[in-house]
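Undergrad: What follows is each chain in one-letter form.
Protein chains: 4
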Amino acid sequence: MSTYGHLFRVTTFGESHCASVGAIIDGCPPGLTLSPEDIQIQLDRRRPGQSNLTTPRNEKDRVHLQSGLELGVTLGTPIALLVKNEDQRPHDYSETDLYPRPSHADYTYLEKYGVKASSGGGRSSARETIGRVAAGAIAEKYLKTAFGIEVVAFVSSVGKINIPSSVPSSSPSNEDDDDVEDALSEEFRNLLATITREQVDRNPIRCPHAETAERMTQRIIRAKDASDSIGGIVTCVIRNVPSGLGEPCFDKFEATLAHAMLSIPATKAFEIGSGFRGTQVPGSKHNDLFVRREDGRLGTKTNWSGGVQGGITNGEDIYFRIGFKSPATISQAQDTVQYDGTPGFLAARGRHDPCVVPRAVPIVEAMASLVVIDQLLIQNARKTAASLLPPITTLPPTMVMPGAKSSAA
Amino acid sequence: MSTYGHLFRVTTFGESHCASVGAIIDGCPPGLTLSPEDIQIQLDRRRPGQSNLTTPRNEKDRVHLQSGLELGVTLGTPIALLVKNEDQRPHDYSETDLYPRPSHADYTYLEKYGVKASSGGGRSSARETIGRVAAGAIAEKYLKTAFGIEVVAFVSSVGKINIPSSVPSSSPSNEDDDDVEDALSEEFRNLLATITREQVDRNPIRCPHAETAERMTQRIIRAKDASDSIGGIVTCVIRNVPSGLGEPCFDKFEATLAHAMLSIPATKAFEIGSGFRGTQVPGSKHNDLFVRREDGRLGTKTNWSGGVQGGITNGEDIYFRIGFKSPATISQAQDTVQYDGTPGFLAARGRHDPCVVPRAVPIVEAMASLVVIDQLLIQNARKTAASLLPPITTLPPTMVMPGAKSSAA
Amino acid sequence: MSTYGHLFRVTTFGESHCASVGAIIDGCPPGLTLSPEDIQIQLDRRRPGQSNLTTPRNEKDRVHLQSGLELGVTLGTPIALLVKNEDQRPHDYSETDLYPRPSHADYTYLEKYGVKASSGGGRSSARETIGRVAAGAIAEKYLKTAFGIEVVAFVSSVGKINIPSSVPSSSPSNEDDDDVEDALSEEFRNLLATITREQVDRNPIRCPHAETAERMTQRIIRAKDASDSIGGIVTCVIRNVPSGLGEPCFDKFEATLAHAMLSIPATKAFEIGSGFRGTQVPGSKHNDLFVRREDGRLGTKTNWSGGVQGGITNGEDIYFRIGFKSPATISQAQDTVQYDGTPGFLAARGRHDPCVVPRAVPIVEAMASLVVIDQLLIQNARKTAASLLPPITTLPPTMVMPGAKSSAA
Amino acid sequence: MSTYGHLFRVTTFGESHCASVGAIIDGCPPGLTLSPEDIQIQLDRRRPGQSNLTTPRNEKDRVHLQSGLELGVTLGTPIALLVKNEDQRPHDYSETDLYPRPSHADYTYLEKYGVKASSGGGRSSARETIGRVAAGAIAEKYLKTAFGIEVVAFVSSVGKINIPSSVPSSSPSNEDDDDVEDALSEEFRNLLATITREQVDRNPIRCPHAETAERMTQRIIRAKDASDSIGGIVTCVIRNVPSGLGEPCFDKFEATLAHAMLSIPATKAFEIGSGFRGTQVPGSKHNDLFVRREDGRLGTKTNWSGGVQGGITNGEDIYFRIGFKSPATISQAQDTVQYDGTPGFLAARGRHDPCVVPRAVPIVEAMASLVVIDQLLIQNARKTAASLLPPITTLPPTMVMPGAKSSAA
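Protein chains in written order, with numbering that gives the first Met the number 0: chain H, 0 to 408; chain X, 0 to 408; chain P, 0 to 408; chain Y, 0 to 408.
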């Protein structure tokens, strides 16, 4: 449904041509300093019309906070917000309405609901993501304030063009002789460890590798000029997440992360850590050996796991990739059929994004923040509850964590 | 937590060395004929010791139904079932207990709970999956009986060895000139359309391509002989799923599917339809054009979407891939540290699966069935509710489905 | 939290002095004809300032629909709506702010959140109920359209003044000789079977017994003149609810109903059917014997159960009572302490409702509708699922319902 | 459904004639010392056959723990437990099976599911409550260990026989002149403040007032001798609950409490604090004025609210009453109809409880514990999250709690 989360719970509403889109955020910790600008900055990154690579429909997309705050501080009560659809003239009927757009949601919405919005796929509109981005920005503000958590996403692929360090340098022919280093280069790992949003935003494509960004830009322009579209991959890293997040066995951290990411429109694939490529690497090379950190805590020498082991965060960086398909709405003629089965050619009218990944970056960051804050609140509950019990004295020391009674996450 | 699903809800329990493992299945449709054998058949496929490729620990893993049935018919009330841990001798302490196993859940469970099972990762034990498989078998029985739905998973990769038709034949050098056919060959698509469990089970590796199965077998034996492990990929197809399943916007069908799959131990990656590779293909080639089927309904000419559009099933086959990492527990010595930071070498004792994908096949099928039945029940609710309203007469015909008032899903 | 329901899900927001209050309704059946007036009519009944018995603050409380409809028909997507707080001037500080109001939420909100709205209890404001009433009106429109369900609430008591037929006529002295007829007179049962909203609204007190209404009015005026307040009881009946609603064992129909009713501000008590008084009546007199109805279905001769048996509706009228305490905010001086413990006298400023029950009537109706529609959708799912199975032939006839495979609820 | 709770989550299974009944408890805090005896003690109090007032079916009802513990300490993983149905011979068919028992669940289960257990109402069996009582005992062990929380329930009424101090001494004739003291005497309030389980268990009726207990006993014997049944009221008090529990606005503490209580079989009524009677008392007499406690915290002079204000606990004792109807199964002949509408007389075979309230006492305590622990874990999450933010410096002091950044609940 349109609600995400258990204790930090987001409910969104709105489609293309209605009065407004927005969200209610329930369960935001009280006492957080929050301004509309904390939210607007991410909405602006999501907004169409930021460059000549995205749809020119220029909406201002200003957020209007309705409740849950007073004098700039959250009260713990639901925060409602909305963004007006300034462009909400009634849908003007045309012959293209007779066709379900191929690979779009027109057909499936009609199958599901028996009725659909005149403009097509209803909630599958990209404007649905405004509520997510706004909610994610609030979650992120808390995570940054309370834990110093950093969430940074960027475009790592457009079509067949990749950040060079993000793809395997070679594929050894020997069936057994693989190495995870081939899949995830040291250069790329360094990028993950240090990348900032400022670096990501240096170009409109949101790829931090300048030369690749330029090639991606050209690729998107070629798609646009051909009345076509192209897909891509967004990579995201979350740093400074406490250990212990994730709930066995059905709500493992990566399971909830995958759920959140594949709820973003146009996504088709997700991998965490070494991902698909890592399945080729023997355990002896893939295992993340433990080391003792300077603060006395354990860390891992490598991080092929992507910060999650047994479904629970281990304190290392969490990184993952999401595949976005080529947008379905293209203006070249497609040989398809009408709702009633009559064959014909459909060419979408209007202007559409030839590639969604640059604008997907803040959406990925938002969903990542929503996953972390919800799991964090749940783990707070568990850890605090355990900390209120007397020390365990009847178990062998190997079964009990030294300092198990420490304060909550 | 340990509960999956909204209307068909599964709660599992149990770890390696406790009295039993099992599940409660709540919300099973009443009036379904169900025998222990319907469940046992999938438990047997999950069971270790089926071949020399899996751990020799031979448990009988007989299911014991506790409730929810009478005279072999489901009552609609919770079905409890359990499987005894026959091998539940107390964990005998050893020096290896001083070490958190690298890339295993020992460390993260201790971080989360402050206490852990003597045998290690608790619920991250493979025995946790028994409850899922049993629950999935019940769901599947309903889906097959009521809808003729078929769920078939198989091993498509082990390490670097793939079913030839499952991987791109070539990678054109031209940056723009990609074709989705390269990513998903006609031969492989035919395999997806027709494959049966009988074909899958012809060899213990559960790969339906005999020659590849033999190479996979040798690869696993090499891992075993080297006290090492290797990962792999499971592909799954679900056929005859009705259109309209999946809930915008956070519970899109593929989002709940990814959630379910990445809740299986050792998974790191998920893709549906054309997946990551499809992101390289322009929209004009990737879009699934509509055609009129003989029964008058719409279908799609191709199915790169994998049966889901806009997060809602369209009636075509649903297919997806899941990446399983190399098992973390290996018996060769690893240069790591103890819980207290003391450096040392850990070599796991006992026998362990060198590769999990053959046994993962029924687990993937189970989780797929749980996703489908839960979404199906939810869509039943919606479709039936809509069907009880008078016909819509005030909307333009393009907004209303012909036959919208048809019977429920 | 601020979300109610599973498949028909309402999330509300807003407090006294923020920009707006409202709700998102997710899961409304598609294809329902719905106008703002369908909602406004109940908001107007809830609105303060309808008579000299309620607070004079006259807000227009116009509903603004944001999404989920097109051309007056629901799309199945979330319906957002809001009502502006026209009176939202900043709270002007006064000495009374130093005091937590006795029996109000000021103190507990501060205990829970560590911060509170300047105006006091935040979400405990009566304006919070606007979102519920609006959502309930939408649910009710569906229930009436699809099932002819009728929900009517009214005031049966104010202070010690009761509709005569609603209270036991006498209390026999013999310990064993009680009769349920004493608790629930035939006259009152006839009232429940026939009462309409038009009858209820004939006077501002919303008590359908004219003479009693006049006495209640005088009682409230006396409370108002004394700077005091008084409580009361609302009785509600739901007619034409299908059998089979309610989920064993934790979500019995009456359990979810009690939950919903006691979530309304100022409620302290709930009883269904014969309630507390019924506990005194022996089973032989209290049991509802079955009879055969003209349509061949079973009904019950009496209905002391209030339409629910074993937690599941049986098709008879559902009726229940809710006790509302005297409003906590009164303008006479109270001998209490400040937040820091300093003793003093608090006299609330401004005008406040001396009695909430007349305005509670539409709120009770709204919550009743939300309970019924959510349980109805869930039962739709179950019943439709069962109807798709082949007939049960292996059970004795006494275990199977004749016509079990009938269409959904 | 058969699951209760969000973070401390109980799922139960089982009916009368299946192999076993039991529960899975998910989310129990790790590190809690727990023995089977902690659970058995409450199961024994629930067990039939404790005296000649309850059904003679003597089951041993021994709990068997399956998982979630090691060496007597909880691991944080699901605790499964079961109790065998020793008396599970197949239901032997009789003519009484042709009749739905009046006011029982036979008819409604068949309406809901289209199929029913041969023994009748399936999950409406009293044996369903075993899982609840076991789960509640675990919750209670945590609450007592970590917070010193005490939960004590007792029988306050059987039929028309009440503990004298529990009912209004008189009912003044003047319409305005009521006093809450009449509704809740000082003697009864003292009882609530001090009562222990030992006092409750001094007689089998579980009424702590000896003389009344004797009269209740005679009343039940009379019902039994007349092949009839009688209802009653259970009163419960929860002491030492922290302030801040309960979630606005739909999950107010009393709303979740009412939900839990009315999910117990045979319940029809619930009231908290002064309840229905309190609605007659003017606000000036009903408000709980604040006082400064010796520890510097605020308390209330009276506690007519029953420990909850604005839906959130205030730290005072929580007390409430639950009405249980007369058991529906009686052995005297009832003039009713068969499933097919044929008129006839039904006289239930076998022995049945003539009154359920003595055995309901531990069930009420169990549900109370489940409500408190779940709300406590949720509030832990919120309070800990808030405590990790920097102090609020921008709000007026009246909006911020002194010491808001204190440690978690």
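Be a bit skeptical, because a hint or two may be false.
Identical chains share a label here; the pair holds if one copy fits it or two copies do between them.
[What the hints assert, rightly or not] Below, in silico cross-link-like pairs of lysine-lysine (DSSO-like), each with a Cα-Cα straight-line distance of 30 Å or less:
1) 284 - 300
2) 83 - 140
3) 300 - 59
4) 83 - 59
5) 284 - 140
6) 83 - 300
It should be emphasised that the hints constitute simulated quantities derived from the structure, not laboratory data.
Undergrad: State for each hint whether it applies.
TA: Results of checking the hints against the structure:
no. : hint      : result
1   : 284 - 300 : within (12 Å within a copy, 43 Å between copies)
2   : 83 - 140  : both (23 Å within a copy, 27 Å between copies)
3   : 300 - 59  : neither (46 Å within a copy, 40 Å between copies)
4   : 83 - 59   : both (9 Å within a copy, 22 Å between copies)
5   : 284 - 140 : neither (38 Å within a copy, 41 Å between copies)
6   : 83 - 300  : neither (49 Å within a copy, 39 Å between copies)
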